[in-house]
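Take the sequences, apply the hints, and build the full model.
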Amino acid sequence: MNTNSPDPLERAIDRELKQLPELTAPRALATRVMAEIHNRSAQRERRSWDSWSPAPRLASLAGLSAVFGALVFGAWQLWGMATVAAQNSKVSVWVSTANALWTAVAALFNACGTMLSHLGPVTLICAALVCAFSYAACVGLGTMAMRYAFARR
Amino acid sequence: MTETQQFEAFMQNYQNMVFSTAMRLLAHEADAQDVAQEVFLRAFKHFEELRESPTAGGWLRTVATNLSLNHLSRYRSRWRFFTDLVSRTRGEDDAEFEWPAEESTAVEFGGSDRHELVEQALQKLPEAQRVPLVLYHLEGMRYEEIAAKLGVSLGKVKTDIFRGREALRKKLRLTLGDEETGVRA
Chain D
1 MNTNSPDPLE RAIDRELKQL PELTAPRALA TRVMAEIHNR SAQRERRSWD SWSPAPRLAS
61 LAGLSAVFGA LVFGAWQLWG MATVAAQNSK VSVWVSTANA LWTAVAALFN ACGTMLSHLG
121 PVTLICAALV CAFSYAACVG LGTMAMRYAF ARR
Chain S
154 MTETQQFEAF MQNYQNMVFS TAMRLLAHEA DAQDVAQEVF LRAFKHFEEL RESPTAGGWL
214 RTVATNLSLN HLSRYRSRWR FFTDLVSRTR GEDDAEFEWP AEESTAVEFG GSDRHELVEQ
274 ALQKLPEAQR VPLVLYHLEG MRYEEIAAKL GVSLGKVKTD IFRGREALRK KLRLTLGDEE
334 TGVRA
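Just so you know, the protein sequences line up as chains D and S, in that order.
So the first sequence is numbered by this note's numbering: it starts at 1 and just counts up by one.
So the second sequence is numbered by this note's numbering: it starts at 154 and just counts up by one.
Hints were generated in silico from the structure; no laboratory data involved.
Glycine residues also receive a C-beta, built at the ideal position from the N, C-alpha and C atoms.
Possibly wrong hints are sitting among the right ones.
Said to hold, decoys possible - Chain S regions said to be covered by chain D (calculated; three or more residues, Cβ under 8 Å):
1) 161-173
2) 210-223
3) 316-322
Next up, the structure:
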């Protein structure tokens, strides 16, 4: 297209530019690219299960199902081998521990409720406003810091 | 041979072409390396198709051109403003060139030296002239395609290419031979 132009300058420039040999790429280029490829493939191996391709997902699902089945079967076998008395004593220990925890948590909530009932509504509203303001300040400062940190040039 | 090794061999075949394309558009080695790296990372994603494709070179060249133009577009408004300002304040577009004396140029430059001279002249052109000139002469695009790619008017593309050729003509007049004589006549 350019070589048939009636403009001699266009033809001359076209010829000069097309005669240019390719520039030699720096040696570092290939090293950089391969390093980045290795880096990305390593990241890909660490990516989440739901982003895997279907074949590895199915294989891993089958494997994990087999492991889970073996664990359940083993636990069932162990359970059957244990004596009922021993199991009963263990259950009673678990129940008493859970009961003590529940009592402690309930006492804590009761104490909070009592404290709040003694505070006036004005105090509660002020506290809520302080909390909201603190939250908004944190979000705003965090947003500013992120924008500053990731701003280009 | 693993896929990575095959890709490395593939890259060795095309890296000069990709780097040259980016370098001639960007005229900045670090930026050209960044663009070439991105081109090959994209090529690696499509390596299954590109491995045996006879058009792999064309694909790489197109991606290199597009990524280089994307890179430039970040600064386009700035250089458009700048070149407009320069063209208003200067009669010549190439006042920043520094070249050897004409006599020594005529004697010394030939073969690879001349290529180096042309390469330097091209890279020292203002972006507004170099980019459309490279797209027209080296990438084989038409004026309309260049205008659409760069988002500028057809008239501006023609003017910039004309100015770029004139700037090159002035600096390479000793190596253009008979064609250049014809221009002067």
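Within 8 Å of chain D (C-beta), three or more residues of the segment 316-322 of chain S: holds (count 4)
Coverage claim, chain D over the segment 161-173 of chain S, checked by counting residues with Cβ within 8 Å (three needed): holds (count 9)
Verdict on chain D covering the segment 210-223 of chain S, criterion of 3 CB contacts below 8 Å: Contact hint for the segment 210-223 of chain S vs chain D: violated, 0 residues under 8 Å.
Violation of the numbered hints given earlier is confined to hint 2; every other hint is satisfied by the structure.
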